[in-house]
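Participant: Given next are the chains, with one letter for each unit.
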Amino acid sequence: MKQSDWEVVIGLEIHAQLTTASKIFSGASTAFGAEPNAQASAVDIALPGVLPVLNRGAVERAIRFGLATGAAIAPKSVFARKNYFYPDLPKGYQISQYELPVVAGGEVSIRVGDGDQAYDKSVRLTRAHLEEDAGKSLHEDFHGMSGIDLNRAGTPLLEIVSEPDMRSSAEAVAYAKTLHTLVRWIDICDGNMQEGSFRCDANVSVRRRGEAAFGTRREIKNLNSFRFLQQAIDYEVKWQIELLEDGGSVQQATVLFDPDSGETRMMRSKEDAHDYRYFPDPDLLPLAIDAAWVDRVRASMPELPSALALRLQQRHGLSAYDAVTLTSSRELARFYLDTVDAAGTALAKPCANWIMGEFSARLNKAEIDVVDAPLSPTQLAGLVARIADGTISNNIGKKVFDALWNGDGDSADAIIEAQGLKQVTDSGAIEALVDDVLAANQKSVDEFRAGKEKALNALVGQVMKASRGKANPTQVNELLRRKLTN
Amino acid sequence: MLNASLQELASALADRRISSVELTRSVLDRIAAANPRTNAFVHVDGDGALAAAAAADARIAAGEAGPLTGIPLAHKDVFCTEGMPTTCASKMLANFVSPYDAHVVAQLKKAGTVLVGKTNMDEFAMGSSNENSHFGAARNPWDTSRVPGGSSGGSAAAVADGLIPIATGTDTGGSVRQPASFCGVTGIKPTYGVVSRYGMIAYASSLDQGGVLGRSAADCAPVLSAMAGFDPRDSTSLERPAEDFGRDLGKSIEGLKIGLPREYFGEGMDADVRAAVEAALDTYRSLGAVTVDIELPNSRLAIPAYYVIAPAEASSNLSRFDGVRYGHRAAEYADLAEMYCRSRAQGFGSEVKRRILIGTYVLSHGYYDAYYLQAQKLRRLIADDFRRAFGQCDVIAGPTAPTTAYALGAKCDDPVQMYLGDIYTVAINLAGLPALSLPAGFGDGGLPVGLQLIGDYFAEARLLNAAHRFQQATDWHLARPAGE
Chain A
2 MKQSDWEVVI GLEIHAQLTT ASKIFSGAST AFGAEPNAQA SAVDIALPGV
52 LPVLNRGAVE RAIRFGLATG AAIAPKSVFA RKNYFYPDLP KGYQISQYEL
102 PVVAGGEVSI RVGDGDQAYD KSVRLTRAHL EEDAGKSLHE DFHGMSGIDL
152 NRAGTPLLEI VSEPDMRSSA EAVAYAKTLH TLVRWIDICD GNMQEGSFRC
202 DANVSVRRRG EAAFGTRREI KNLNSFRFLQ QAIDYEVKWQ IELLEDGGSV
252 QQATVLFDPD SGETRMMRSK EDAHDYRYFP DPDLLPLAID AAWVDRVRAS
302 MPELPSALAL RLQQRHGLSA YDAVTLTSSR ELARFYLDTV DAAGTALAKP
352 CANWIMGEFS ARLNKAEIDV VDAPLSPTQL AGLVARIADG TISNNIGKKV
402 FDALWNGDGD SADAIIEAQG LKQVTDSGAI EALVDDVLAA NQKSVDEFRA
452 GKEKALNALV GQVMKASRGK ANPTQVNELL RRKLTN
Chain B
490 MLNASLQELA SALADRRISS VELTRSVLDR IAAANPRTNA FVHVDGDGAL
540 AAAAAADARI AAGEAGPLTG IPLAHKDVFC TEGMPTTCAS KMLANFVSPY
590 DAHVVAQLKK AGTVLVGKTN MDEFAMGSSN ENSHFGAARN PWDTSRVPGG
640 SSGGSAAAVA DGLIPIATGT DTGGSVRQPA SFCGVTGIKP TYGVVSRYGM
690 IAYASSLDQG GVLGRSAADC APVLSAMAGF DPRDSTSLER PAEDFGRDLG
740 KSIEGLKIGL PREYFGEGMD ADVRAAVEAA LDTYRSLGAV TVDIELPNSR
790 LAIPAYYVIA PAEASSNLSR FDGVRYGHRA AEYADLAEMY CRSRAQGFGS
840 EVKRRILIGT YVLSHGYYDA YYLQAQKLRR LIADDFRRAF GQCDVIAGPT
890 APTTAYALGA KCDDPVQMYL GDIYTVAINL AGLPALSLPA GFGDGGLPVG
940 LQLIGDYFAE ARLLNAAHRF QQATDWHLAR PAGE
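Chains as they are written, first to last, in the working numbering: chain A, 2 to 487; chain B, 490 to 973.
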């Protein structure tokens, strides 16, 4: 079998939990982690006689998403009931949108891979619709029975459906990551995958290269990490190709991914599929969104990551990679922009390097978010400026960075001053050090003069050591060379 | 006192000729004595009622009384009442006690009424005879071998038999008007959206509307005014200013144009009903109203449209009764599917099951377009008929039901016959219009006949005016069943 004979076709359905304080059809809190059923109101547990009332904030977030992806915001959309029985679905139906979703169309640009292999691609969106989440069934600890927690019931979700535009698991992951960045960027979803705030279903099929029709797809449900998304698709693709090459045929099905075994397994076949009996929910009027509302939301939108990345390449002269990296979250981008604001656009590239290098490494090591960094953009800008104007070397810069991070000083200048780190550029002072070193290291001097270029480095090192790192290395180099070749 | 109008009761209370506690006690005594005859009440809360009456008396003494303060009242058992059983006359909810009050219940509490108990009904408001009740059929006080109508049969029977001066009902396809007609009382269903559905257990959400049954239009008006009003908890509640529906009661109806739909006076109506309705129209003409012939050409489509849309919504609305969180759960089951099947099979009666099955079928993949979507199209045609008709007349009049009250059991084995009894009422719900039924005389066997008045959207005050003028000129509404 040759995998290259086959083309993989993937479409994703992503459920993004919206950041409203209350649920989509009730006033109960959406906060995560409360005692079971402590956040289930009369509406959420579907007591007799209760009715849903749409949360305006959820609609507003859907509009934000539509605007961010260039989609059409439907002036009229309809909530429908999706009917099925399950103990964690209190009404016996989920309120969702079916025929007329709030957001239609749109597209997302993704960058797949990195380095020379990287390429850009556009993924089209089919639609995005509002719906309520179900509760949770807890199957442990109840002695043969199941527990039902309805805290999550009624939590607002935006289901974002893509066209089957992705051709590899790498593209699927790039798309999911881009959406993950976007929904956080526009403040509609916290993106917390562990808590289930961002969940992916992947529709996967394969076809022989050149074939026009899509193969039969299987849907992998509920993937809550990018790694699982990748593993699940890779396994599924391999499984489907093997099946087809053995003369079998793929049957439409819904499958689950088991992270422990790394395999997908059948949840239900097409024959077992529910007939959801969708129909417009008579308890909710059609959702009308007028142009004025869309305009108000548009006015409150931040610059989007794709636009900002482009601006950083054009105005700050950053590479595509740097620009995408720095716009991977709104907080990081904010930190970068504030740093450049303080340091000046001319220093954009060193600012970017410091943020993507030392700064990001420290954040990772400390396991904290950008906003919790003990170092401010102004402080980092001060440091970058001092390196740029030659006050300190890059190496001393790392020392100053440490001090700022640890709170050992208010500014780079103060630390440089207090610790006496200022680069020595007084040529008289340097010359004295050089003379001392030359006198004390005759062996190296002889070696250099015998043509051993490397011996110079040893001498430079000695001078730097004698200056406790403060001598300007370029100056030291020039001076040594001049004296040795005279 | 048991035959007094609400206005008379209110002035007796205000003048301290009677206290609310005394009035309530006499109501409780009357219920204790007479309820076994009609089975109109399924729950009576004597202690709660007397406590509420004492509170009302205090309000009256403090000079804080409104027109309804201290008036005893009953709710159809479809309205959620905090701390009192709310059963929908179903085994499914036989032990359910709501932790909250329906909007209607809260509004009427605020108005100072004294909640005495809950009235019998067809299970989940599905039926036209009040025979589909877990607590046994309610019976017609004019002839207890006959049905009181449904689904608000308990409320109609209770008011007719003098058990309670006023009671609430709900009307999805005629469930206030038809029992009002069968029991000789006045019942009004307002424009869809005027009364909040919050806490009113849903049968068919796009058709359900709370209403009121009383002895006269003048009694119904202040209660409807208190029940109505915008409620943000019901997305279909209309944002309109509060309204006094009794404001036009005294107005002349000289020149009122009454439209008579040809389709409501054709075959299918019993002769005694026709005679009473014709006589009532003569009375209206003698009061200065003029009648004009109109057409509602899509009338015959109303029953098929209704019996697709209502069961479709019901099949989904009743899914929450699954035995998981509250309500009946089967004692024994092997797994989840069996728990659902047994709990629902045991908890629901046969008419409810029939409508759930019909509703499930018409929403199923492959049938949705042929049934549900077609029915929605018919619904628009029916609403358009009324829109055109109200270009020619102020109100529309006709029989409320094609027959008077029939014998218990007469139509139980033939649901389609039962459904056809709704022929003059369901179209009004499909269009969302207000309508009322008022006593228009008696037919064979001394059984009441109801006249239906249908108004344009928000014409409740005009309907009550037209009914009140009729009741000023006739005394059909004052007649009482003999009792036994």
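Derived by calculation from the structure, the hints in this document are not laboratory data.
Please note that the accuracy of each hint is not assured.
Derived lysine-lysine pairs resembling DSSO-like cross-links, with alpha carbons at most 30 Å apart [claimed, not checked]:
#1 A:Lys137 x B:Lys866
#2 A:Lys83 x B:Lys866
#3 A:Lys466 x A:Lys399
#4 A:Lys83 x A:Lys137
#5 A:Lys453 x A:Lys466
#6 B:Lys746 x A:Lys83
#7 A:Lys271 x B:Lys580
#8 A:Lys466 x A:Lys444
#9 A:Lys466 x A:Lys455
#10 B:Lys842 x B:Lys866
#11 A:Lys271 x A:Lys137
#12 B:Lys866 x A:Lys77
#13 A:Lys271 x A:Lys350
#14 A:Lys137 x B:Lys842
#15 A:Lys122 x A:Lys83
#16 A:Lys222 x A:Lys271
#17 A:Lys399 x A:Lys471
#18 A:Lys178 x A:Lys366
#19 B:Lys842 x A:Lys83
#20 A:Lys83 x A:Lys222
#21 A:Lys350 x A:Lys453
Stretch-level coverage of chain A by chain B, calculated; a stretch enters the list once three of its residues show a Cβ under 8 Å from a Cβ in chain B [as the list claims (entries may be wrong)]:
#22 33-42
#23 90-96
Below, a sample of chain A positions facing chain B; criterion: calculated Cβ distance under 10 Å [what the hints assert, rightly or not]:
#24 Trp7
#25 Arg82
#26 Tyr85
#27 Tyr87
#28 Arg210
#29 Asp273
#30 Asp276
#31 Tyr279
#32 Phe280
#33 Pro281
#34 Leu286
Glycine included, C-beta positions come from ideal geometry on N, C-alpha and C.
Participant: Give me the numbers of the hints this structure contradicts, sorted from smallest to largest.
Facilitator: 1, 6, 7, 13, 15, 21, 22, 24, 28 and 29
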